[in-house]
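Protein chains: 2
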Amino acid sequence: MADINEQSVKIKTIAIIGGTGKEGRGLAYRWCKAGYKVIIGSRQLEKAIAAVDEIRGLHGFQGEVHGMDNLEAVAAGDLIVITIPYAAHRPMLETIKPGLSGKILVDVTVPLVPPKVTKVQMPPAGSAALEAQEIMGDSAQVVSAFQNISYENLLHEEKVECDILVCGKTKAAREAVLGLIKDAGLVGWDAGPLENSVVVEGLTSILIGINKQYGVQSSGIKITGVSRQD
Amino acid sequence: MADINEQSVKIKTIAIIGGTGKEGRGLAYRWCKAGYKVIIGSRQLEKAIAAVDEIRGLHGFQGEVHGMDNLEAVAAGDLIVITIPYAAHRPMLETIKPGLSGKILVDVTVPLVPPKVTKVQMPPAGSAALEAQEIMGDSAQVVSAFQNISYENLLHEEKVECDILVCGKTKAAREAVLGLIKDAGLVGWDAGPLENSVVVEGLTSILIGINKQYGVQSSGIKITGVSRQD
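The listed protein sequences derive, respectively, from chains F and X. Counted the way our numbering counts, the first sequence spans residues 284 to 513. Counted the way our numbering counts, the second sequence spans residues 284 to 513.
Since the hints were made in silico from the structure, they are not lab data. Be careful, since some hints might not be right.
All copies of an identical chain are treated as equivalent in the list; a pair is satisfied when it fits inside any one copy or across any two copies.
Said to hold, decoys possible - Derived SDA-like pairs (lysine to any residue); straight-line CA-CA distance at most 25 angstroms: (1) K305 / D352; (2) K465 / L328; (3) K399 / C315; (4) K399 / T453; (5) K454 / S501; (6) K399 / P476; (7) K380 / K465; (8) K505 / R373; (9) K442 / P476; (10) K399 / A317.
Source: prediction; values computed, not measured.
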């Protein structure tokens, strides 16, 4: 993982595995606009291509986006984002692991356990991101991010009110992802080591509970007591 | 715990164990002003009395506050708040348990493990609050709250920017504590079952890390996407 630990990580192409889902499409839309080449990965190429057509048709879309099957997408990406339901997390990671060597894997997964999705229930590894790192071993560096944001907030150009907390083993990898967040027009904060991902993943259950109890669509969080550019 | 599960919990006297610390003094100041009778508990009566003198001397203080030793304080309180360092958590809870039967115990403890206080490290029970409930068994109902707020924000009358997330087994107990939060001039949100306290306690480590990295004194969090009275 020598590359990841260097001060700057050059990312030109971002592959989004599970990119046909709402979250993936929202991230793709924003990163394309920021000038990144985005690859939408899916188990079925046709689905990836359909998602690409949809992204290209979004109001204000500009940039470059392509559809590939997951393994091709992983090979093409300088950095890989995984946005899939928790049930598919382990098998998908085991499938794509060979192509991830030396790359950053951004894990967006929240380990929700239906039907009690408002109750924090972590896997034995401690969190989905820690489980991903356990599966990856030394071959890729996992960074956790984007778990608290609602996809509705990504697919248009309005300002997003929810901040993004970024956890990962090294500061260099966290900073690479913080750069992508800024380029997507979002606000991110360095939330420390990967062990802290339990907080960020679990926060999603609390926010789902707040949505239900207070009758709102997409509650989020914002860090206070800091200086902000906005 | 029949009383706690009823719709309304009448609280007139609040006992703060470890109330001689900064956090306890800040809460006492605000609850006194709101008309609650507050008891500051300490292992040594003289220390409790010294803290009471200090609270009474704060700018704008009004209300009723008394110092007692911990066991007397627990007996006098309709609701008990515990604000002590994690190292003293288990022995203190075992000491005061006999007096807590049928009462709500508000646990403010964050299980920080020096020197790595910016890394989330939970006890085997899952969180300090879950550990407290394990110790209490059926004798008291634990509610977790106030872990993310800085004491500096409590000891004056300015608006506090950090929201408070409240976890606990029953909605009735959470609502009783949400009422106290509102009366203290703060904003609280129902964050669901006690299992979710891992998120709120762990968030403190993330906020300490943000303070260090971004050079601020007291970062906090605010829930977004909800309607607020302020």
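K465 and L328: within-copy, between-copy, both or neither at 25 angstroms Cα:
neither (30 angstroms within a copy, 53 angstroms between copies)
Evaluate K380 and K465 at a C-alpha cut-off of 25 angstroms and name the case that applies: within, between, both or neither.
neither (27 angstroms within a copy, 49 angstroms between copies)
Please work out whether the CA atoms of K399 and A317 approach to 25 angstroms or closer within one copy, between two copies, in both situations, or in neither?
neither (37 angstroms within a copy, 37 angstroms between copies)
25 angstroms Cα threshold - placement of D352 relative to K305:
within (18 angstroms within a copy, 57 angstroms between copies)
Same-copy or cross-copy closeness of K399 to C315 [CA-CA at most 25 angstroms]
neither (36 angstroms within a copy, 39 angstroms between copies)
Using 25 angstroms as the alpha-carbon threshold, which applies to K399 and P476: within, between, both, or neither?
between (27 angstroms within a copy, 11 angstroms between copies)
Checking K505 and R373: alpha-carbon separation at most 25 angstroms within a copy, between copies, both or neither?
neither (30 angstroms within a copy, 33 angstroms between copies)
Same-copy or cross-copy closeness of K442 to P476 [CA-CA at most 25 angstroms]:
For K442 and P476, neither the intra-copy (28 angstroms) nor the inter-copy (32 angstroms) Cα distance is at most 25 angstroms.
Alpha-carbon proximity between K454 and S501, which holds within one copy, between copies, both or neither at 25 angstroms:
between (30 angstroms within a copy, 22 angstroms between copies)
One pair to classify: K399 and T453, alpha carbons no more than 25 angstroms apart. Within, between, both, or neither?
The answer is between: 15 angstroms across copies meets 25 angstroms, while 33 angstroms in one copy does not.
In summary, the structure is inconsistent with hints 2, 3, 7, 8, 9, 10 from the numbered list given earlier, while agreeing with the others.
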